[in-house]
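Just so you know, the sequences run in chain order Y and X.
Per my numbering, the very first residue in the first sequence carries number 1; after that it's consecutive.
Per my numbering, the very first residue in the second sequence carries number 1; after that it's consecutive.
Simulated from the structure, these hints should not be mistaken for lab results.
C-beta: ideal position from N, C-alpha, C; glycine also.
One or more hints might be untrue.
[Stated by the list, open to error] If the Cβ cut is set under 10 Å, some of the chain X residues that face chain Y in the computed set are:
(1) 32
(2) 47
(3) 118
(4) 124
(5) 138
[Claimed, not checked] Cross-link-like lysine-lysine pairs, in silico, DSS-like; alpha carbons within 27 Å at most:
(6) Y/150 to X/416
(7) Y/74 to X/50
(8) X/58 to Y/150
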Amino acid sequence: MYKLCLYISFILIGIAAGFHPETAIFPTDCMAEEDIQSKIEHNVIIIEDNELYQNNLAGIRIRGSLPLTIKTCKIYSNGGAGIAITRQAQVMVTRCNVFRNEKAGINIDDAIRATIENCRIYKNRTAGIDICRTKEKEQHISEINIANNKIYINNQAGVRSMLQSDGEVDLAITWNDIYKNKKAGVRVKNNTRLVASGNQIYDNGTVGIISLESAIPPKLDIYQNKLSFNGGPGIHVINGITGRIGIRNNWIFNNQRSGIVCGLWSNPTSELLNVEIINNTIVSNGSDDQGAGIRNDSDGKAGITNNIIAYNFATGIKTKGCRGYSYNLLYANGDAVICCGDSASASNSFEREQFAGCSGKGKGDLICDPLFVDPDNYNFCLQNESPAIDSGKNVRIFDDTSFPPSRGKNRNDIGATGGPYAVKRSQGTTSASLSGT
Amino acid sequence: MALLINLKKNLLIVLVIIAWLVPGNMARADDCDEARRWFSKGLDLLDDSKREASCYQKAIELCPDFFEAHNRLGEVYKSWGEYDLAIKEFEQAGENPLFAEPHNNLGEIYRMQGEYDLAAEEFKEAIRIKPDFREAQNQLKYVNKKLGKYDSMVRMPQRERIPISVFTRIPGMTLPKGKFLVDFQYEYFEQKGNLKGDVAPYLTKVDVHKWILGIRYGLSSNFTVGLIPKYFLKKAEIDIEHLNMDAEPQVDGFGDTVLLTKYRLWKTGKTNISAFHILSIPTGDDEATGKSHGIERRIPLSSGGFDFTPGIATTTVKGPFTIQSNVSYTIRTGGQLGDQFNYNFALVLPLFYNFISSMELNYRWQDNSSMRQEYQIKLGRPPEERETYKVTVSEEAGHTLFLSPGLHVFLTKGFKVELGAKIPIIKQDDKDALVEDTIFHVGLMKYFF
Numbered sequence: 001m002y003k004l005c006l007y008i009s010f011i012l013i014g015i016a017a018g019f020h021p022e023t024a025i026f027p028t029d030c031m032a033e034e035d036i037q038s039k040i041e042h043n044v045i046i047i048e049d050n051e052l053y054q055n056n057l058a059g060i061r062i063r064g065s066l067p068l069t070i071k072t073c074k075i076y077s078n079g080g081a082g083i084a085i086t087r088q089a090q091v092m093v094t095r096c097n098v099f100r101n102e103k104a105g106i107n108i109d110d111a112i113r114a115t116i117e118n119c120r121i122y123k124n125r126t127a128g129i130d131i132c133r134t135k136e137k138e139q140h141i142s143e144i145n146i147a148n149n150k151i152y153i154n155n156q157a158g159v160r161s162m163l164q165s166d167g168e169v170d171l172a173i174t175w176n177d178i179y180k181n182k183k184a185g186v187r188v189k190n191n192t193r194l195v196a197s198g199n200q201i202y203d204n205g206t207v208g209i210i211s212l213e214s215a216i217p218p219k220l221d222i223y224q225n226k227l228s229f230n231g232g233p234g235i236h237v238i239n240g241i242t243g244r245i246g247i248r249n250n251w252i253f254n255n256q257r258s259g260i261v262c263g264l265w266s267n268p269t270s271e272l273l274n275v276e277i278i279n280n281t282i283v284s285n286g287s288d289d290q291g292a293g294i295r296n297d298s299d300g301k302a303g304i305t306n307n308i309i310a311y312n313f314a315t316g317i318k319t320k321g322c323r324g325y326s327y328n329l330l331y332a333n334g335d336a337v338i339c340c341g342d343s344a345s346a347s348n349s350f351e352r353e354q355f356a357g358c359s360g361k362g363k364g365d366l367i368c369d370p371l372f373v374d375p376d377n378y379n380f381c382l383q384n385e386s387p388a389i390d391s392g393k394n395v396r397i398f399d400d401t402s403f404p405p406s407r408g409k410n411r412n413d414i415g416a417t418g419g420p421y422a423v424k425r426s427q428g429t430t431s432a433s434l435s436g437t
Numbered sequence: 001m002a003l004l005i006n007l008k009k010n011l012l013i014v015l016v017i018i019a020w021l022v023p024g025n026m027a028r029a030d031d032c033d034e035a036r037r038w039f040s041k042g043l044d045l046l047d048d049s050k051r052e053a054s055c056y057q058k059a060i061e062l063c064p065d066f067f068e069a070h071n072r073l074g075e076v077y078k079s080w081g082e083y084d085l086a087i088k089e090f091e092q093a094g095e096n097p098l099f100a101e102p103h104n105n106l107g108e109i110y111r112m113q114g115e116y117d118l119a120a121e122e123f124k125e126a127i128r129i130k131p132d133f134r135e136a137q138n139q140l141k142y143v144n145k146k147l148g149k150y151d152s153m154v155r156m157p158q159r160e161r162i163p164i165s166v167f168t169r170i171p172g173m174t175l176p177k178g179k180f181l182v183d184f185q186y187e188y189f190e191q192k193g194n195l196k197g198d199v200a201p202y203l204t205k206v207d208v209h210k211w212i213l214g215i216r217y218g219l220s221s222n223f224t225v226g227l228i229p230k231y232f233l234k235k236a237e238i239d240i241e242h243l244n245m246d247a248e249p250q251v252d253g254f255g256d257t258v259l260l261t262k263y264r265l266w267k268t269g270k271t272n273i274s275a276f277h278i279l280s281i282p283t284g285d286d287e288a289t290g291k292s293h294g295i296e297r298r299i300p301l302s303s304g305g306f307d308f309t310p311g312i313a314t315t316t317v318k319g320p321f322t323i324q325s326n327v328s329y330t331i332r333t334g335g336q337l338g339d340q341f342n343y344n345f346a347l348v349l350p351l352f353y354n355f356i357s358s359m360e361l362n363y364r365w366q367d368n369s370s371m372r373q374e375y376q377i378k379l380g381r382p383p384e385e386r387e388t389y390k391v392t393v394s395e396e397a398g399h400t401l402f403l404s405p406g407l408h409v410f411l412t413k414g415f416k417v418e419l420g421a422k423i424p425i426i427k428q429d430d431k432d433a434l435v436e437d438t439i440f441h442v443g444l445m446k447y448f449f
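Bound conformation, chain Y alone (with noise of 0.2 Å):
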């Protein structure tokens, strides 16, 4: 045991000193009653084949800015995080598994780069990952990339962005499976660039992504994610900006309350929200008599193009002002039907129904059966025969690259198959992969 403390009393000393590498060795508050093992290559410290348990802090604990590596490790049941990331410090943690700590599985609080990989976060007493630069610290640009990781039954957030208003964090949460977390699957506040991009977010306590009321407005780029039977909504911006793309081409179904929300009633600096809410497919949220395809309450700007909303438990869309939309596609939802295909022949009254009691459909929406692939199995790719096929906005910018089932026009598809993000049917939700279990 004793060994064990000296060997990683060297090495935090070592990394805060900036030594070279050979002699470098790593912070810990390491107790463990196995020696970590450690090798030096390409001036990169790695860390494999660890196993971290029952310390009174942290698992481990990362300072200063030497490039390290923490590989297939077992960080579990520490009194602090499992790996504690702080001091401009550059880490891959990779193949882990990072389990019921005593707070965050993995706690970030002030990295150059941090890269999470292919990890197993589970079972931690707060969140899964844990962002939350403070203004005390020095300034610069943390860059923070959480790809192919399993986060799931974390207490709080499978993972979270809470920095002080003048932090500043790029988030890339790319292709991981955030579930059964207590609260959110992804949340993020102030000067985080969020780009959330194929993950599957499900089963979360409350919403699926949530961009919470802050000074500098997040910016999002939220697209081609699968979120879907969380308790909330399945995205909620109550501040943010659009980044580079904004909210595209998402499958959002079976959500407890609405799909998309903007803003919040009362919240003052909901004015600043400005975002874009492009060919995402949307279906069957809500619940307890609530539940809107997509809805704002803001006095802030959300553009609402090219979405299939279908099967809505309240409403298709609801907007301060019945103003915003345009281009997409709504069927079925709250409690009137229009099955005939034709846009024409629909009720004003059916009409209002899908628009939250607003009177006049937006430029080019449509009220028809999308004609979803097999809906009951949660597959929402497009029959050959849909309406919602090169029926989207007519500009450049919205063209899609024709992937079928689309005619092979340039005009794109309204829904998630449609449009320059466009996903694949291959793609598409299965209900082996999506049911939520």
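Given the coordinates of chain Y, assemble chain X onto it according to the supplied hints.
Leaving out everything else, chain X in the frame of chain Y:
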């Protein structure tokens, strides 16, 4: 020796009965603990893998009635598309009548197979067990639309468990069939009255601490029965100035046990009318005696006889308000306390989140009472002389009106906490009557539905 033989014989009979009652496949407690560890291992994986499934299979092997393991194993099978296996597991998990998730999962499989009618039934069952089960509500809305039922309600009717006021308790007690409600209440109050007797007129005060355990069960959806034992701690304060005696005799023990039967006569969407009967059984000690500083005083824990209370209760929901009332007449056979007429009226209003307020008016008329009271006072030095005083306390018939504010907080998992005070605003004219001061009430209630 004969006693020992009898004891052994009885023990043997009990063991044989237990062995007969316990099914052969019932797991031992140790096995079920081990099963929990396997279940936890499975949850650590939570990736719908074969390895995860094998953890649950092992758990079920050790503890066949492990409902959560059946349910989770079913979910894994469902994710593999093995619907027949999944249905089997969900059906086994659904044998627990309080477990809503398997029904939701079954409904989802039926939805996937296009069996909307069956799916709707399962989702409804899930919502019946757990009315705030939003996932099942969401799914039911979808299958209803598929069935062409576009305007059908997916919420359950007004939940009867919400409006139970603190002191007007009878109206809210009609339980669904096969469901339990357990509540535990504590009340504290003081009774004061002028006592005239052989000793001298003096003020008597009794502190009463009362613990009530109520267990109610729905025999059918209209017929509810309840068993409500009460436990008392009563402490009297006796201050006889001319004898320079200051004593606090105290007794504790079970009081009357109440047997409640209630039948719902009429029900519309927002109004219920029920008839009820409360039988109070004198299980407490009518002759309980407390001793203190040379004084022995009889402080009865029971009314001394059977009390019969027939009555009518109503509940009406109007907008956010729930109005409850009950009227009843108590016929006493103990020969001391007089008959009673009670009318209770309560207004219940949700405040915010899970907080509900209530305001009640509780009216009581009591007929003439004639209570026997007895003291023994030890006087002088040993050998002590005992003087026994027998007093009959008479109370004239009179009216009492209470105003009772209350606060209820619904917690998770069907628990409710309630706080209330019952303040007498009009008291009986007879100043000698032993009337309660403000009654303070704390209650914890658990709904098993």
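Each hint tested on the structure:
A distance limit of 10 Å between C-beta atoms decides the matter here; for residue 32 of chain X the minimum to chain Y is near 22 Å, and the interface restraint is violated. This hint holds: residue 47 of chain X has a C-beta 6 Å from the nearest C-beta of chain Y, less than the 10 Å allowed. For the restraint placing residue 118 of chain X at the interface with chain Y, the shortest Cβ-Cβ distance is roughly 13 Å, beyond the 10 Å limit, so the hint is violated. Taking 10 Å as the C-beta cut-off, the interface hint given for residue 124 of chain X is violated, the closest approach to chain Y being about 14 Å.
At a threshold of 10 Å, the smallest CB-CB gap from residue 138 of chain X to chain Y is about 4 Å, leaving the interface hint in force. Distance restraint check for residue 150 of chain Y and residue 416 of chain X: the Cα-Cα separation of roughly 37 Å exceeds the 27 Å cut-off, and the hinted pair is therefore not satisfied. As the CA atoms of residue 74 of chain Y and residue 50 of chain X are separated by approximately 21 Å, the hinted pair is consistent with the 27 Å bound. Distance check on the hinted pair: residue 58 of chain X and residue 150 of chain Y sit about 24 Å apart at the alpha-carbon level, within 27 Å; holds.
The structure is inconsistent with the numbered hints 1, 3, 4 and 6, although it conforms to all the rest.
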